[in-house]
Amino acid sequence: MYKIAASDLDGTLLTSEHQILPFTKQVLTQLHSQGTDFIFATGRHHIDVAHMREQLGIPAFMITSNGARVHNCENEIIFKRNIAPEVIAGMMEMFRSDLEIQVHLYRNDDWLISKEDPNNPCTQENFSYGLFDINNPPLENIAKIFIKHQDQNHEKLVIWENKIKAAFAGQTHVTFSSPNCLEMMDAGVSKGHALDAIAKMKGYALKDCIAFGDGMNDFEMLSMAGKGVIMGSAHHKVKSALPGNEIIGHCDDQAVAHYLVKHLLK
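Using the working numbering, the first residue of the sequence shown is number 1, and each one after it goes up by one.
Hints in this document: simulated from the structure, not taken from any laboratory.
Please note that the accuracy of each hint is not assured.
In silico DSS-like cross-links for lysine-lysine, where the CA-CA straight-line distance does not exceed 27 Å [what the hints assert, rightly or not]:
id : residue 1 : residue 2
1  : K202      : K227
2  : K115      : K266
3  : K25       : K207
Using C-beta positions, here's what the derived DEER-type ranges look like [claimed, not checked]:
id : residue 1 : residue 2 : range
4  : N180      : R96       : 33 to 43 Å
5  : L99       : E74       : 42 to 52 Å
6  : N180      : N135      : 39 to 49 Å
7  : D253      : T29       : 39 to 49 Å
Here a beta-carbon is modelled for each residue, glycine too, at the ideal position from N, C-alpha and C.
Starting from the given sequences, assemble the full structure and let the hints guide the process.
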């Protein structure tokens, strides 16, 4: 029996409308009651995720910004790792040449964007953004940088993925959270490494963890956990990268909750 269950949010625990439905909430409450720890593991900002944790109503650790921040059940930050200022400055110098991309920064409690995009407005119910000047960007306390293309063009983001990996080899972890969102953290930051740290803190090991996800930013967590479960709606790159992992249903069918009922609830 697994002692810790960790789940990605968008495309995994949440519906496509970004909601935690009553059945999922009930199952996670039962899971907590039987002594199994639950962890949110997401690329989202910790302020945004904290509102979801309140809605869920159980104590849960939060792995946010793909592992660059970890908060405990009391909302105390127990781990953080920022991108080096010189790396941020170098990326911004590269990005400002491409007028088709929008740059996002997660800085401590802030969400900052380089420009508005009327075709793809940034909206989150419980978290709002501010603007920053890409010619004079903040360089301190940046947990994560991510970019989106105005035409939601995945292949153009793949070109940027290759450029960034070449320019900052060994200095940054580059991954896709979705086909239209390319994300950068400090080297060594991932949901998997954060899960390992939490498990050890609780006296367990990765073999005691089960994890659910659907994006390439879940790869480390899904490959490092005792069992990594992939959503049926996951991008084909995820399934190809982890051919031996079990694949379940769709987030709109609350597949994670149904899996927990069948395999973890006593």
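Hint numbers not upheld by this structure, sorted from lowest to highest: Numbers 2, 4, 6, 7 - these are the hints that the structure violates, sorted from lowest upward.
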